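Asks: Between the sequences and the hints, there should be enough to build the whole structure, so can you do that?
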Amino acid sequence: MNDTQARKPRRLSSTAIFIFFCLVPALIPVLLFTYYPIFKGIVMAFQNYSLFNLNDIRFIGFDNFRTVLQDPSLPTILKNTASWVFISLILQFGIGFLLALLLYKKFPGRGVYQGLIFYSWAMSGFLIGIIWRWMFNGQIGVINDLLLKWGLISERIGFLSDPKWAMISVITANVWYGVAFFAIMLMAAMQSIPEELFEAADMDGAGWFKKLFHVIVPYILPTIITTSALRVIWIFNFPDIIYAMTNGGPANSTHILSTFMLDKIVFNGDYGLASAIGVIAIILLLLYTMFYLFATRASKAGDF
Amino acid sequence: MKKKLFAAALLSVTAFSSITACSSGSTKDSSAGDSKSETVTLRMIESLTSPARTEVIKQMLTKFEEANPGIKVELISPPLESADNKIAQMLSSKADLDVMEVRDSTVKQFVTNNWVADLSADTANWADYKTLNNSAKLTANYIDNKPYYIPYGLYEKILFYRTDWFKEKGLEAPKTWEDLYQAAKKITDPSKNRYGYSFRGGKGADSYIVDMIRDYNGANTNPDDAMFLKNGSTIFSTPEAKQALENHLNIYKEGAPKDSLSWGFSEMVEGFQSGITGMLIQDPDVIDVVKQKMGEGTWSTAAIPAGSSGLTHFKVGAAGWGITSYSKHQAEAWKLVSFLSSPDQNKFFTQKTGLIPVHTTAAEDEYYKTGYYKPYMDMSADTAHYIPVKPETDYKGFGEWRNVIQQDTQLVILGKLSVDDALKKWDAYWLNEKKQGK
Numbered sequence: 001m002n003d004t005q006a007r008k009p010r011r012l013s014s015t016a017i018f019i020f021f022c023l024v025p026a027l028i029p030v031l032l033f034t035y036y037p038i039f040k041g042i043v044m045a046f047q048n049y050s051l052f053n054l055n056d057i058r059f060i061g062f063d064n065f066r067t068v069l070q071d072p073s074l075p076t077i078l079k080n081t082a083s084w085v086f087i088s089l090i091l092q093f094g095i096g097f098l099l100a101l102l103l104y105k106k107f108p109g110r111g112v113y114q115g116l117i118f119y120s121w122a123m124s125g126f127l128i129g130i131i132w133r134w135m136f137n138g139q140i141g142v143i144n145d146l147l148l149k150w151g152l153i154s155e156r157i158g159f160l161s162d163p164k165w166a167m168i169s170v171i172t173a174n175v176w177y178g179v180a181f182f183a184i185m186l187m188a189a190m191q192s193i194p195e196e197l198f199e200a201a202d203m204d205g206a207g208w209f210k211k212l213f214h215v216i217v218p219y220i221l222p223t224i225i226t227t228s229a230l231r232v233i234w235i236f237n238f239p240d241i242i243y244a245m246t247n248g249g250p251a252n253s254t255h256i257l258s259t260f261m262l263d264k265i266v267f268n269g270d271y272g273l274a275s276a277i278g279v280i281a282i283i284l285l286l287l288y289t290m291f292y293l294f295a296t297r298a299s300k301a302g303d304f
Numbered sequence: 001m002k003k004k005l006f007a008a009a010l011l012s013v014t015a016f017s018s019i020t021a022c023s024s025g026s027t028k029d030s031s032a033g034d035s036k037s038e039t040v041t042l043r044m045i046e047s048l049t050s051p052a053r054t055e056v057i058k059q060m061l062t063k064f065e066e067a068n069p070g071i072k073v074e075l076i077s078p079p080l081e082s083a084d085n086k087i088a089q090m091l092s093s094k095a096d097l098d099v100m101e102v103r104d105s106t107v108k109q110f111v112t113n114n115w116v117a118d119l120s121a122d123t124a125n126w127a128d129y130k131t132l133n134n135s136a137k138l139t140a141n142y143i144d145n146k147p148y149y150i151p152y153g154l155y156e157k158i159l160f161y162r163t164d165w166f167k168e169k170g171l172e173a174p175k176t177w178e179d180l181y182q183a184a185k186k187i188t189d190p191s192k193n194r195y196g197y198s199f200r201g202g203k204g205a206d207s208y209i210v211d212m213i214r215d216y217n218g219a220n221t222n223p224d225d226a227m228f229l230k231n232g233s234t235i236f237s238t239p240e241a242k243q244a245l246e247n248h249l250n251i252y253k254e255g256a257p258k259d260s261l262s263w264g265f266s267e268m269v270e271g272f273q274s275g276i277t278g279m280l281i282q283d284p285d286v287i288d289v290v291k292q293k294m295g296e297g298t299w300s301t302a303a304i305p306a307g308s309s310g311l312t313h314f315k316v317g318a319a320g321w322g323i324t325s326y327s328k329h330q331a332e333a334w335k336l337v338s339f340l341s342s343p344d345q346n347k348f349f350t351q352k353t354g355l356i357p358v359h360t361t362a363a364e365d366e367y368y369k370t371g372y373y374k375p376y377m378d379m380s381a382d383t384a385h386y387i388p389v390k391p392e393t394d395y396k397g398f399g400e401w402r403n404v405i406q407q408d409t410q411l412v413i414l415g416k417l418s419v420d421d422a423l424k425k426w427d428a429y430w431l432n433e434k435k436q437g438k
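Chains as they are written, first to last, in the working numbering: chain A, 1 to 304; chain B, 1 to 438.
Hints are computed from structural coordinates only; laboratory data are not their basis.
One should not assume that every hint holds.
Restricting the straight-line Cα-Cα distance to at most 25 Å, the calculated cross-link-like pairs of lysine-lysine (BS3-like) are [said to hold, decoys possible]:
1. A:164 x B:416
2. A:164 x B:253
3. B:416 x A:79
4. A:149 x B:416
Keep in mind that this is a model prediction, so the values were computed, not measured.
Replies: Written as structure tokens, this is what we have:
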């Protein structure tokens, strides 16, 4: 092989150029609707960008970041964000996994059960928040009524007004919402386990627990890793339920980073400040993603 | 390795998606108007949307179209929660809009950004302008003394109370905030799930606290700049402010459901009409809602209580119709706004939606002179005791303030912030606002 032949493949062939131009029509909307808003959001984080005075948009360096980082409620908000994400994730995964185990083998009426479980996933976050807000209402909520009727409590609980209960209440609603995602994804993964593996396990005399930990879990591990990684990001960026149920209160006890960001838009009309919070959220999520992929070794992850 | 890279890239993109939540989307709506035909199509957007109200507006638009065959109106009704943001985004991208709902809380923003037209020239030649009542004129000309919108109705709070429960306890409608506290305490009986007052601790709690503090400051409150006293200090800097805030906390602790710490508008109203609370302070649009749920003779309305000085300060809220500064059909748009704001149409609209009308002529109507609306007429007649104040919506920090005071009061109630520290913080907040200018 001479030098000319070795260099040849490095040049773009006419086929590659042709393919590139064929992709351009698809690339333009992606650039326009995905990457432009991201870029614009990052730029806005460094600007004085208030909806109340759009005639005064100017670069202000790191001022927005300074304001966010100096906010006295930030430590509480970060702590809340961590509990919101990880407690929700663990419960959603745990219950979702259990449901998947119960539902992945064929039995009469399985389709109906699957449909019922998937139901919550099809609802809007705000609607779920509003429904649960009324259910948790201290005076006229059905949850207090049931607990009183069953004799489990003697006095009504202010689920959304007591800081001790408020976080538990919003996480409960979020768990109800997210269980369906894990149930469906894990069930789909379980259904693809070859029957021979179970037959082989039976022949080896494996019991139910052994089958669970030596057949099912290893086989669906890539799905578990992928879905839980994605779910963390989604929960982190999901203000809907909290916003509709408690608006971050009482006294910041349920504020998370994404509701804090929304507050800056709704109350202040300050898109610059909100964008700075968005950038901080990206940095935190990137750190998490890198750590997670390193810890679980991405090669084990399933196809995205 | 490829899979690893792909996984990292995809997760990064998903992570990045968080920032798109804070990017302002631009909405470019295509024009529905057809410049070639003779018919002009006006595009109109509402903000305080509700299905029932939209229906009323549509009926009025039909009448307008019948009276003006050359003009068609296309009504845009975004969901209530996101309507103001949607309108602001449409205006910022100069989307095709001619008439829009302008509120006392959004007019400053619209004027600063040059989105709304000054209607001075139109109102100068408009016969019905003369019959607008003082509150309507005040709110229309709130910014720079120019009419940027014509209110379609006024919002002003009154006290709703359970006459049956009050009779049972031998009570009368409270005249002062202290009376309200005492009455609330007497009615409260948690064993019956019965409480005195529909306390607002959640979203929108700010105005309840501030109104009470103004009343306690009495004649010292400056009605033209009502976060301040006539001597220039803030309303939060006095011993009276402390008394007011303490009374507010006592009402919560002894006369309201614990849960009301997080109550917003709907929970307050639901609490009253479902028989949990005996008093509610709300706007007139709630009258119809309560009327439908509660029997005649079980409830009534009264004027807002006064501070220890005997004075009540009240804010008149307003919303109405304005014209975009860049509308290509200014004349037709004014035709529509003046039609909707005419005494006849306004009477129709306010009676259907339970608002206070904007024309003086409507006050003569029996509908407002007697019954549930009577306290409004009494309050406006007794100018020695009921003092209208200019809302603070023209300050830059107004939006943030609403959040600050709501969160801080929750902290005070939960014992995490002292009354003194809260007042000091609010005092500093408004001194800073004053320094920064409007």
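Asks: Evaluate each hint against the coordinates.
Replies: Each hint tested on the structure:
1. A:164 x B:416: 14 Å, holds
2. A:164 x B:253: Measuring from Cα to Cα gives roughly 18 Å; hence the hint holds.
3. B:416 x A:79: Given that 25 Å is the threshold and the Cα spacing comes to 18 Å, the pair holds.
4. A:149 x B:416: 34 Å, violated
Taken one by one, the earlier hints fail for this structure only at number 4.
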